[in-house]
Structures are given as C-alpha cells and as structure tokens.
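Visitor: The lines below spell out each chain.
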Amino acid sequence: MAAIALSQLTKVYATGVTALDALDLEVGDGEFVVLVGPSGCGKTTALRMVAGLERITSGTVSLGGQVVNDVSPRRRDIAMVFQNYALYPHLSVYQNIGFALENKKIERAERDRRIRAAAETLGLGDLLGRKPRQLSGGQRQRVAMGRALVREPSVFLMDEPLSNLDAKLRVQMRSEVLRVQRSLGAATLYVTHDQTEAMTMGDRVAVLLGGLLQQYDTPRSLYDRPANLFVATFIGSPSMNLYEAGLSADGTAGKPAVVLGSQRLDLPAQVAARVAAYQGRKVVVGIRPEDLVLPGETGAGTGGTGAGTGGTGAGAAGSATLAADVRIIEVLGSEQYVYFSIDATQAGQAEAVAAGDESGEAGILAASAPNGVARLDPGAGVRAGDRVAFAIDPARLYFFDPDTGQAIGNCRLVPGCAN
Amino acid sequence: MRTYIGLSVPRELVDAARIDGAGETRIFFKIALPLMVPGLMTVLLLSVVGVWNNYFLPLIIFSENNKFPLTVGMGLWSQHATTSGDQNLYPLIVMGGLVTIAPLIILFLILQRYWRSGMLLGSIAN
Numbered sequence: 001m002a003a004i005a006l007s008q009l010t011k012v013y014a015t016g017v018t019a020l021d022a023l024d025l026e027v028g029d030g031e032f033v034v035l036v037g038p039s040g041c042g043k044t045t046a047l048r049m050v051a052g053l054e055r056i057t058s059g060t061v062s063l064g065g066q067v068v069n070d071v072s073p074r075r076r077d078i079a080m081v082f083q084n085y086a087l088y089p090h091l092s093v094y095q096n097i098g099f100a101l102e103n104k105k106i107e108r109a110e111r112d113r114r115i116r117a118a119a120e121t122l123g124l125g126d127l128l129g130r131k132p133r134q135l136s137g138g139q140r141q142r143v144a145m146g147r148a149l150v151r152e153p154s155v156f157l158m159d160e161p162l163s164n165l166d167a168k169l170r171v172q173m174r175s176e177v178l179r180v181q182r183s184l185g186a187a188t189l190y191v192t193h194d195q196t197e198a199m200t201m202g203d204r205v206a207v208l209l210g211g212l213l214q215q216y217d218t219p220r221s222l223y224d225r226p227a228n229l230f231v232a233t234f235i236g237s238p239s240m241n242l243y244e245a246g247l248s249a250d251g252t253a254g255k256p257a258v259v260l261g262s263q264r265l266d267l268p269a270q271v272a273a274r275v276a277a278y279q280g281r282k283v284v285v286g287i288r289p290e291d292l293v294l295p296g297e298t299g300a301g302t303g304g305t306g307a308g309t310g311g312t313g314a315g316a317a318g319s320a321t322l323a324a325d326v327r328i329i330e331v332l333g334s335e336q337y338v339y340f341s342i343d344a345t346q347a348g349q350a351e352a353v354a355a356g357d358e359s360g361e362a363g364i365l366a367a368s369a370p371n372g373v374a375r376l377d378p379g380a381g382v383r384a385g386d387r388v389a390f391a392i393d394p395a396r397l398y399f400f401d402p403d404t405g406q407a408i409g410n411c412r413l414v415p416g417c418a419n
Numbered sequence: 001m002r003t004y005i006g007l008s009v010p011r012e013l014v015d016a017a018r019i020d021g022a023g024e025t026r027i028f029f030k031i032a033l034p035l036m037v038p039g040l041m042t043v044l045l046l047s048v049v050g051v052w053n054n055y056f057l058p059l060i061i062f063s064e065n066n067k068f069p070l071t072v073g074m075g076l077w078s079q080h081a082t083t084s085g086d087q088n089l090y091p092l093i094v095m096g097g098l099v100t101i102a103p104l105i106i107l108f109l110i111l112q113r114y115w116r117s118g119m120l121l122g123s124i125a126n
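First to last, the protein sequences are chains A and B.
Residue numbers for the first sequence follow the working numbering, beginning at 1 and rising by one.
Residue numbers for the second sequence follow the working numbering, beginning at 1 and rising by one.
Possibly wrong hints are sitting among the right ones.
[Claimed, not checked] Here are the simulated lysine-lysine pairs, DSSO-like style, with alpha carbons at most 27 Å apart:
(1) B/Lys30 to A/Lys104
(2) A/Lys255 to A/Lys282
(3) A/Lys131 to A/Lys105
(4) A/Lys131 to A/Lys168
(5) A/Lys105 to B/Lys30
(6) A/Lys104 to A/Lys131
(7) B/Lys30 to A/Lys131
[What the hints assert, rightly or not] Some chain A residues close to chain B (C-beta under 7 Å, calculated; not the full set):
(8) Arg108
(9) Arg130
(10) Arg133
[What the hints assert, rightly or not] Short derived list, chain A residues pointing at chain B, Cβ under 10 Å:
(11) Gly52
(12) Arg55
(13) Ile56
(14) Gly59
(15) Gln66
(16) Val67
(17) Val68
(18) Val71
(19) Pro73
(20) Tyr94
Derived from the structure by calculation, the hints contain no laboratory data.
Here the structure is a predicted model, which means the values were calculated and not measured.
Built from N, CA and C at the ideal position, the CB exists for glycine as well.
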C-alpha cells in the first residue's frame with residue numbers, strides 16, 4: 001500500500017487557472033520522491049493539497065490507503081517543512097520544536113526527551129533557548145526540520161526547504177535532509193525547482209510542467225530515457241543539445257543516417273530500427289554534452305551532475321564524427337565546457353535564425369553564436385576558434401518528434417528496452 | 001488593522017501551526033495574538049488618549065461638578081479665571097495641566113517596549 005497516493009488530483013483556481021491537471025502519483029513507504037519543475041508548474045500546489053492546506057477541485061489524496069480529502073491538516077499525521085521556514089518568531093527553538101507535541105498533549109517529560117533528541121540529531125543542542133532571530137539561515141532551516149521530525153510523522157512534506165540557503169550550505173543540507181529522512185523512514189514528498197537537488201536526493205522524481213506530469217521515474221531513467229523534449233532539457237546540466245534534423249536512407253554505403261545541417265551521422269542498424277517509422281521525416285536530435293568527445297579522449301561525462309552517465313564517452317565506440325567550430329571555453333577545474341557552433345539549426349531556434357537572416361548583421365551574429373556545448377576533460381587541448389571533430393556514438397543520440405516533442409525510441413544504455 | 005494583521009501574521013505561520021496540530025483558537029491566542037501586540041498597543045494608546053482628551057462629550061453628559069474629568073475641570077477653571085480675573089487660579093491651572101498629561105506620559109513610557117520593529121525577524125525567510 002502506498003504511503004501517499006494521488007489520483008487524478010486537479011486544482012482549478014477561482015480565476016479559472018488550472019494549477020494541477022489530473023496528477024497520478026504514488027509514494028511508497030520510506031520512499032523519497034521529488035516533485036520538480038519550473039515556477040508555476042503546480043508542484044507546491046500538489047504538496048499543499050497533500051497537506052490539506054489547499055482545497056481539492058477533483059481527484060483524491062490518500063495517505064496510508066485512506067482518502068483524506070476532507071480530513072483537516074492536523075489529523076493527517078503529516079509534517080511539513082516550509083520554503084521560508086515559518087518559525088514562530090516569539091517562541092524559542094525549544095518551544096518551536098515542541099509546539100506540535102504540546103498540541104498533542106504529550107506528557108512534559110516525554111516531550112522534553114523528544115525535543116532534546118531532535119535537537120541533538122540536528123546539532124541544535126546548544127541553541128534551544130534562542131529565538132529564531134538569533135539564528136543563522138542554516139540553523140533556522142534545521143529548526144524547521146526539527147519541528148517536523150519531532151512529531152515522528154508517517155509522511156514528510158518539504159516545500160523547497162533549501163532554496164533560501166547559500167550554495168555551499170545547500171549542498172551540506174542536502175545530505176543532512178537525506179540522513180534525517182532515512183533515519184525516520186517516513187515517506188517523503190519533496191518539492192524543488194532545482195534539478196540537481198531532484199537528481200541527487202530523490203529515489204524517484206516527478207517532473208511537472210504547466211500542471212501536467214511529464215515523467216515519473218528514477219533519476220537515472222529520467223536522464224537516460226527522457227519522455228519528451230522538456231524532460232530532456234530540464235534534466236542535466238549543461239542541457240542537452242537539440243537540433244532539427246532529418247532521417248535519411250542515403251548515408252555511407254546506403255546506411256540510414258541523421259542529417260544535421262550539412263553533416264551526416266550514420267546510424268547503426270539497431271538505432272535505425274528504433275527510428276524506422278520516422279525515415280525520411282524531420283526529427284529533433286538530442287546530444288548530451290558529455291557524449292561529445294575528442295578522438296582519443298575518454299569523455300568528461302562520468303557523473304558531474306550527480307546524474308552522470310557512468311559511461312566512458314563515445315571515444316571508444318564512436319563511429320560518427322561531428323565537425324564543429326569552437327567559440328567559447330569555460331574551464332571549471334574538473335572539466336571544461338566547450339561551446340561550439342555547427343551549421344544545424346537548434347530545435348526551437350529556427351524562427352530566431354530566420355529573423356536574424358533578414359536583418360543582415362544579426363544573421364551573422366546568429367550564425368557565429370554557439371549552438372551547442374560539449375563537456376570535456378580539462379586536459380583536452382582545445383582553444384576558441386579551433387575546428388574540431390567530435391566523436392559520437394550514434395547509439396547515444398536521442399530522437400524526438402518535432403510536432404509532439406515526445407521521445408522516439410530513447411532506450412539509451414538500457415538493456416532490453418523496447419521503447 | 002486588517003491590513004496590519006495581514007502583514008504581521010503571515011499565512012505560512014498559520015499553515016505551519018495547522019500542520020503542527022493546533023486548533024484555530026489556539027492558533028489565534030498562541031501564534032497570531034503575540035504577533036499583533038504592537039498594533040494592538042498602538043490602538044489601545046490612541047483610544048486612551050482620545051478618551052482622556054475628550055472635552056465636549058463629558059461637558060454635555062455630566063451635570064455635577066465633582067464628576068467632570070480633568071479636561072473639563074481645567075477648562076472651567078480657565079474660564080473662571082478669565083471672567084473673574086482671579087490671578088490665584090493660574091498656578092493651579094498650570095499645575096493641573098502637568099498632572100493631566102502625566103498619566104499619558106507614563107502610559108507612553110510603559111507601552112513603548114511593545115513598539116518593536118522586526119517582530120518577524122528570523123521567522124520567515126526573505
């Protein structure tokens with residue numbers, strides 16, 4: 001039985017705006033599920049409906065197998081960490097953490113024991129007498145966590161709890177939150193707009209856009225098998241390179257090939273079979289930045305975003321090359337981002353390029369602007385202005401329908417995948 | 001007051017208290033009321049000053065001299081001193097003025113500790 005089950009959950013505001021459209025989602029016992037998406041995609045609305053803070057337009061929320069649509073928040077056995085902490089400013093840390101236990105009328109000695117245990121877990125032992133205004137951002141966030149975990153709830157809800165922390169503290173707190181969640185073993189629904197947070201923390205991740213669930217899967221599957229263009233670009237940093245392309249049957253020795261601008265990448269039979277239905281038609285081709293390697297390199301894509309590919313790049317298996325002009329190089333120490341341009345049109349950029357062509361100068365700028373990025377080893381000897389030939393394994397290409405944006409046979413690295 | 005309360009008691013705090021299992025009455029007395037104290041004290045003080053300084057209403061309502069409040073009594077003394085020319089009343093009037101405002105000054109001094117900025121400091125990020 002799922003700890004949290006959302007069925008056809010819909011929220012339409014009085015203004016007629018649909019914030020959430022028929023969301024189906026299940027979270028198992030002890031599972032850490034992340035809702036991720038851009039601002040306004042409905043993720044916080046979904047969380048608030050689970051908490052009982054938002055009226056449900058239609059659909060059901062079930063907790064532990066019981067429909068709780070009409071149950072008040074206080075009777076749902078949930079705890080929630082808010083985006084902006086929401087600490088009671090006039091109460092001490094001790095009182096903040098103990099407020100829920102006081103409401104439950106738990107005996108004073110037991111209350112004291114649980115507050116101190118929660119405070120110890122979160123390293124707040126010395127701060128129990130302080131008011132929230134006397135704490136740093138990280139400490140406030142810990143108090144908010146303590147307030148939630150002291151209740152020992154069956155369901156944990158977190159609404160972007162790390163978004164107000166600076167980058168360094170956020171990384172620290174990510175593991176802290178996971179540690180606490182694992183020790184509690186409570187099913188957790190975690191909302192964030194940060195794909196890195198989603199990928200590194202979630203057992204499963206639900207990607208939302210415009211109130212619609214785009215894909216619900218493990219981080220690895222989201223990365224390897226994005227269901228559509230949005231997921232493909234949203235997950236992964238830097239984003240996947242997307243180009244308008246054609247599929248033709250006139251590659252080398254009559255092999256099927258992808259036509260990217262003036263270049264052709266031969267497709268092995270296995271890949272060609274996956275996209276056979278689109279032969280002779282336009283498609284959108286996706287290339288992960290770490291799948292482009294220089295011949296002889298082993299690739300930088302060994303897990304930089306936490307999603308990683310775990311692969312060795314296309315260097316060894318690469319049977320196709322992609323010629324590109326290097327424009328800008330960003331060195332990050334452990335890797336470098338090489339921004340390049342090829343003569344293919346970036347997916348979604350056709351209109352912009354056409355407008356540029358009409359205005360002359362803008363057209364020149366558009367033609368010389370980078371339209372792709374490769375993640376390379378910092379030792380790769382490339383300089384801005386170089387003409388390079390990236391090696392790429394065609395099996396690592398992604399294909400999308402240009403009209404619907406849906407993935408076409410993206411079974412990348414997944415043995416036995418029939419998609 | 002409605003605008004003030006809206007600003008001084010953020011929705012997130014009320015939501016957090018609901019999740020923490022507090023009923024509406026408890027949320028009001030334990031969470032919302034303490035945050036409204038500066039506003040309530042301001043209203044209290046303005047009301048007290050308004051009543052204390054009221055002149056016309058008690059002048060109409062009360063018919064006996066010994067029931068007049070200080071403002072009316074002082075006014076009558078002043079009127080009497082002007083019409084009768086009794087110079088001895090003026091020191092009394094000046095002293096009476098001091099005595100009249102003393103309670104208000106004391107009240108201001110007592111209540112000023114409630115006028116604090118940053119009541120929500122540390123509670124809500126940004």
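Visitor: Are the hints correct? Go through all of them and say.
Guide: For each hint, the structure was consulted:
Taking the CA atoms of B/Lys30 and A/Lys104, the gap is about 15 Å. The hint holds against a cut of 27 Å. Distance check on the hinted pair: A/Lys255 and A/Lys282 sit about 17 Å apart at the alpha-carbon level, within 27 Å; holds. Distance hint between A/Lys131 and A/Lys105 is fulfilled; the C-alpha atoms sit about 23 Å from each other, no more than 27 Å. Of the pairs offered as hints, the one joining A/Lys131 and A/Lys168 holds, with about 24 Å between alpha carbons and a cut-off of 27 Å not exceeded.
Simply put, A/Lys105 and B/Lys30 have alpha-carbon atoms about 15 Å apart, close enough for the 27 Å limit, and the pair holds. Taking the CA atoms of A/Lys104 and A/Lys131, the gap is near 23 Å; set against the 27 Å cutoff, the hint holds. The suggested pairing of B/Lys30 with A/Lys131 holds, with an alpha-carbon distance near 16 Å, which does not exceed 27 Å. Restraint check, A/Arg108 versus chain B: the minimum CB separation of about 17 Å is more than 7 Å; hint violated.
The interface hint given for A/Arg130 is broken, as the beta carbon of that residue sits about 9 Å from the closest beta carbon of chain B, more than 7 Å. Checking A/Arg133 against chain B: minimum C-beta separation of about 3 Å stays under 7 Å; hint holds. Checking A/Gly52 against chain B by beta carbon gives a least distance of about 8 Å; that is within 10 Å, so the hint holds. Contact between A/Arg55 and chain B, as hinted, is not supported at the beta carbon level, the nearest pair being about 13 Å apart and thus beyond 10 Å.
For A/Ile56, the suggested interface contact is broken, since its CB lies about 16 Å from the closest CB of chain B, more than 10 Å. At its closest, the beta carbon of A/Gly59 sits 21 Å from a beta carbon of chain B; the interface hint therefore is violated under the 10 Å criterion. Hint status for A/Gln66: violated, given a least beta-carbon distance of 18 Å to chain B, over 10 Å. Hint status for A/Val67 relative to chain B: violated, with the closest Cβ pair at about 19 Å, above 10 Å.
Among the interface hints, the one on A/Val68 is violated; its C-beta lies about 13 Å from the nearest C-beta in chain B, farther than the 10 Å criterion. Among the interface hints, the one on A/Val71 is violated; its C-beta lies about 12 Å from the nearest C-beta in chain B, farther than the 10 Å criterion. Interface restraint check: A/Pro73 against chain B, minimum CB-CB distance 5 Å, threshold 10 Å, status holds. At a threshold of 10 Å, the smallest CB-CB gap from A/Tyr94 to chain B is about 14 Å, leaving the interface hint violated.
Hint compliance for this structure: hints 8, 9, 12, 13, 14, 15, 16, 17, 18, 20 are not met, and every other hint is.
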